[in-house]
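Protein chains: 2
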Amino acid sequence: MNKIEHIGIAVKNLDEANQLYTKLFGKPSYKTEFVESEGVKTSFFKVGNNKIEFLEAITEESPIVKFIEKKGEGIHHIAFEVTDINAEIKRLKAEGFQVLSETPKKGADNKLVVFLHPKNTNGVLIELCQEII
Amino acid sequence: MNKIEHIGIAVKNLDEANQLYTKLFGKPSYKTEFVESEGVKTSFFKVGNNKIEFLEAITEESPIVKFIEKKGEGIHHIAFEVTDINAEIKRLKAEGFQVLSETPKKGADNKLVVFLHPKNTNGVLIELCQEII
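Protein sequence lines correspond, in order, to chains A and B. Residues 24 to 156 in my numbering are what the first sequence spells out, letter by letter. Residues 24 to 156 in my numbering are what the second sequence spells out, letter by letter.
Be careful, since some hints might not be right.
Treat identical chains as interchangeable: a pair holds within one or across any two.
Said to hold, decoys possible - 25 Å max Cα-Cα, derived DSS-like pairs, lysine-lysine:
(1) LYS50 with LYS129
(2) LYS134 with LYS46
(3) LYS94 with LYS113
(4) LYS93 with LYS26
(5) LYS74 with LYS26
(6) LYS116 with LYS64
For the record, the hints were derived by calculation from the structure and aren't laboratory data.
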C-alpha cells in the first residue's frame, strides 16, 4: 500500500455534487470520465496529493444504485495505490481477505483495480489500484 | 483545504480492527488515543502521507454508537487539513455549508476540529482540522 490514491463518494447527481464540492474545495473538478464496466460516470477533484472521485450511476445495475438504496449518498470506497496488484491480491488472500474478482479489471483513471469484500474489512469497501503503464 | 489529513473508520472492536488492518497495511498502528469529548478510543495508521483513524465508542452517548446502529461499521468521516480553521468556517458558512459547532473543539491528535453537517455534503461527514501549535 503506497498511498491513498483516492476516496470514492456515491452521489445521485454528479453535476450538483460538482457544483457543491467546487465551493468546498475552492476549485473545480479537473476531469469527468465514464466507466462503462461499473455503470458510472465519475468526476475527480485533487486535494493535496490525493484525489476525490464522485460516482453517479448511469445504469440500473450499477453497484452505486444498490449502495445508495441501502446506505444513502456518502463515502463509498477508499482506493490504495499498490505497485504490483497481482502480488497484493496473492498476499491478501493468504492473509484471509476476500477479493471481489480473481483478476484485476480496468477501472477509471487508467488503472487496474480490484476490490476487497467489505465483510472482512469492518464494512469498508477497499479498492487496490495500479497505474497502467 | 491543504490535504486529506485522515479518514475515520467506525468499528465495534478497536483491537480486532488493529489486528486486521495491521495485516492489510503490512505494519502496525503507531498510536492509540482516548478522546473523552467524543466518547471514543482511536488508533492511527500511516499510509503514505495520510492517516487512517479507527474509532470505537467508549460511552453509550458517543456519535459512533449511533453511526454503527444506523449504517453499520465503515467509513465515518474525511478530515481535511486547513491552515486557518476559523477563516474556513467563516468562508464555508458564507457558501451555505452548516457547521456542527460554531467554534472549533479539541479533537484527537492535537488538532482543533469542526465538522460540517452531512445533509449539505451528499451524506459525507467532513471534518476540518488545524494542528495546535
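Now the hints, each set against the structure:
1. LYS50 with LYS129: neither (28 Å within a copy, 28 Å between copies)
2. LYS134 with LYS46: The answer is between: 24 Å across copies meets 25 Å, while 28 Å in one copy does not.
3. LYS94 with LYS113: neither (31 Å within a copy, 31 Å between copies)
4. LYS93 with LYS26: neither (29 Å within a copy, 30 Å between copies)
5. LYS74 with LYS26: both (11 Å within a copy, 10 Å between copies)
6. LYS116 with LYS64: neither (30 Å within a copy, 29 Å between copies)
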